[in-house]
Amino acid sequence: MNCRKVRYCLSTYSEGSLSSDNLSEVEVHIRNCKSCEREKFVLEEILAAARSLPAKTTPDDFNLKLFNRIYAEQNNPSESYLPTPVSSWIRRPIGWVSALATVAVAALITMVFLQRPVGSPDMPLNSPAYSQVESTSPMSTPSGRHVGSRIPVSAYENIIGVSGSASNYRATNMSQVRTLRLADARVESLYVETMRRFGAEPRLGMVRADSRYYEMRSPFARTGSNGSPLMRNAASTTSY
Amino acid sequence: MLNRETLPDLDLMRRVQEGEMVSYNTLVNRYKDRLFNVLYRMLSSEDEANDLLQETFLRVWQHKMSYDFRFAFSTWIYTIALNLARNELRRRKKIKFLDIFDFADKLAAKEEKKDTSANLKTLLDAEMKRLPEKYKTAFLLRDVDNLSYEEIAQVLGVPLGTVKSRVNRARAILRTRLKPRLEESYELSKGTVLPINIL
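Listed in order, the protein sequences are those of chains A and B.
Each residue of the first sequence is one higher than the one before, starting from 183 at the first, in this note's numbering.
Each residue of the second sequence is one higher than the one before, starting from 735 at the first, in this note's numbering.
This is chain A alone, in the form it adopts within the complex:
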């Protein structure tokens, strides 16, 4: 058996599930080959480390929160974030009406957004996160302008750290993301604070489809030449 074959078998060997024929061959090879012995040592160390990785535990109030949600679910099934079984949904005539209404609203929103030009090269470049993005953006030029028809790098100016869960804020390109998904009040307060700093009015709206997040419309501008694009679009954004 050569080194290549032995290394291929190492994974199975380390689990002790190699067939007896192969087992003796591999063992003899490893005894005589320093390099393969080293490979075996490395793999065994990795597997031992993997099995003893520090375990995380759920928060103390995990069960309490879970049972509260189940209780809320049972007492107010219409507020459910879980998908309703299809059979009962079809049976309800109101289900069809709301589905059609949702499709119509979604189509309208899509049309409105598709008509908007993307990005604005004349936005102020004063975001703290801007310099990081500029250096990593594949479409940026030394002047910070965009290449071709892609989104101008200056659109990244619209970055604020608001998305994801509370301890994991993310800087998001707000000109591309039309909704903010916020996990809890701490993120929400960060959003509100950021909006106020820009002089914009925060718009909040809860989305029932996914109980883990609050969802908010991005108040940022996509185009325009009069005044601050941030401000103007913030004023024109409607909450839902």
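A few of these clues could be false.
What the hints assert, rightly or not - Straight line, CA to CA, 25 angstroms or less: simulated DSS-like cross-link-like pairs of lysine-lysine:
| hint | chain 1 | residue 1 | chain 2 | residue 2 |
| --- | --- | --- | --- | --- |
| 1 | A | Lys247 | B | Lys766 |
| 2 | B | Lys863 | B | Lys798 |
| 3 | B | Lys855 | B | Lys766 |
| 4 | B | Lys855 | B | Lys868 |
| 5 | A | Lys238 | B | Lys863 |
| 6 | B | Lys913 | B | Lys868 |
| 7 | B | Lys855 | B | Lys898 |
| 8 | B | Lys913 | B | Lys898 |
| 9 | B | Lys827 | A | Lys247 |
| 10 | B | Lys863 | A | Lys216 |
| 11 | B | Lys913 | B | Lys863 |
| 12 | B | Lys870 | A | Lys238 |
| 13 | B | Lys898 | B | Lys870 |
| 14 | B | Lys913 | B | Lys870 |
| 15 | A | Lys187 | B | Lys798 |
| 16 | B | Lys868 | B | Lys898 |
| 17 | B | Lys827 | B | Lys870 |
| 18 | B | Lys863 | B | Lys898 |
| 19 | A | Lys247 | B | Lys863 |
| 20 | A | Lys238 | B | Lys855 |
| 21 | B | Lys798 | B | Lys827 |
| 22 | B | Lys913 | A | Lys187 |
| 23 | B | Lys766 | B | Lys870 |
| 24 | B | Lys868 | A | Lys238 |
| 25 | A | Lys216 | A | Lys187 |
| 26 | B | Lys798 | B | Lys766 |
| 27 | B | Lys863 | B | Lys766 |
| 28 | B | Lys855 | B | Lys870 |
| 29 | B | Lys766 | B | Lys868 |
| 30 | B | Lys798 | B | Lys855 |
Calculated from the structure, these hints are not laboratory results.
With chain A's structure known, arrange chain B on it following the hints.
For chain B alone, coordinates are given in the frame of chain A:
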């Protein structure tokens, strides 16, 4: 008095189907930490892992009547949790977050590379995060969570051979990446005298 802690999953699930919350609570306690670890290592975020775990157990409660007793409960609940995790990862890809914490992690990792004393578990944790999703999931379930290959195949809905191949591939990648760090330990374990500048 009935001790639910010792009851098998299927017996508990039968009681859950009758609406018994105490049995449901026993199942939650039995699986929550195991699943939390898997979700945490997949998503690299305790908050998101916690959110998805809540959702996993909620779905178990919500769909308890559709549970099929021919399959292991563990397989069912892992499937729910991993599907939620994969959806979340897909959502992240679509939105293309610029994670400022990731950025900080990368900086820290660079610093760590210089620090030869960083222990193997920390390095392994960091390297696991860099694995492609399908290899990472297979490695996590097999080598961290200790599921059997058959269970993993059921949870992921892929053939047994595919699972074995993914686990082997993940191990091979990790072996290649961590080998330089482990060679010193190997020399020490063999009692080789190292040059003074290595020590």
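Subject >> Lys766(B) paired with Lys870(B) [C-alpha distance capped at 25 angstroms] >> reply: Status holds; Cα separation ~20 angstroms.
Subject >> Distance restraint between Lys766(B) and Lys868(B), which requires alpha-carbon spacing of 25 angstroms or less >> reply: Given that 25 angstroms is the threshold and the Cα spacing comes to 23 angstroms, the pair holds.
**OP:** Take a quick look at whether Lys238(A) and Lys855(B) sit within 25 angstroms of each other, Cα to Cα.
**Re:** 14 angstroms, holds
Original post:
Do the alpha carbons of Lys855(B) and Lys766(B) lie within 25 angstroms of each other, as the hint requires?
Top reply: 23 angstroms, holds
Original post:
Keeping to a limit of 25 angstroms between CA atoms, is the pair of Lys855(B) and Lys868(B) held or broken?
Top reply: Roughly 21 angstroms between the alpha carbons, so the hint for Lys855(B) and Lys868(B) holds.
Subject >> Pairwise hint evaluation, Lys863(B) against Lys247(A), where the allowed Cα distance is 25 angstroms at most >> reply: 29 angstroms, violated
Subject >> Hinted pair Lys913(B) and Lys187(A), Cα distance within 25 angstroms >> reply: 19 angstroms, holds
Original post:
Taking 25 angstroms as the top limit, are the C-alpha atoms of Lys863(B) and Lys216(A) close enough?
Top reply: Measuring from Cα to Cα gives roughly 31 angstroms; hence the hint is violated.
Original post:
For the pair supplied as a hint, Lys827(B) and Lys870(B), is the alpha-carbon distance within the 25 angstroms limit?
Top reply: 17 angstroms, holds
**OP:** Mind checking the alpha carbons of Lys238(A) and Lys863(B) for me, to see if they're no more than 25 angstroms apart?
**Re:** With a Cα-Cα distance of about 16 angstroms, the restraint between Lys238(A) and Lys863(B) holds, given a limit of 25 angstroms.
Original post:
Taken at face value, is the distance from the CA of Lys870(B) to the CA of Lys913(B) at most 25 angstroms?
Top reply: 18 angstroms, holds
Subject >> Pair hint outcome, Lys913(B) versus Lys898(B) [Cα-Cα no greater than 25 angstroms] >> reply: 22 angstroms, holds
Of the numbered hints given earlier, the model fails hints 2, 9, 10, 15, 19, 21 and 30; all others are met.
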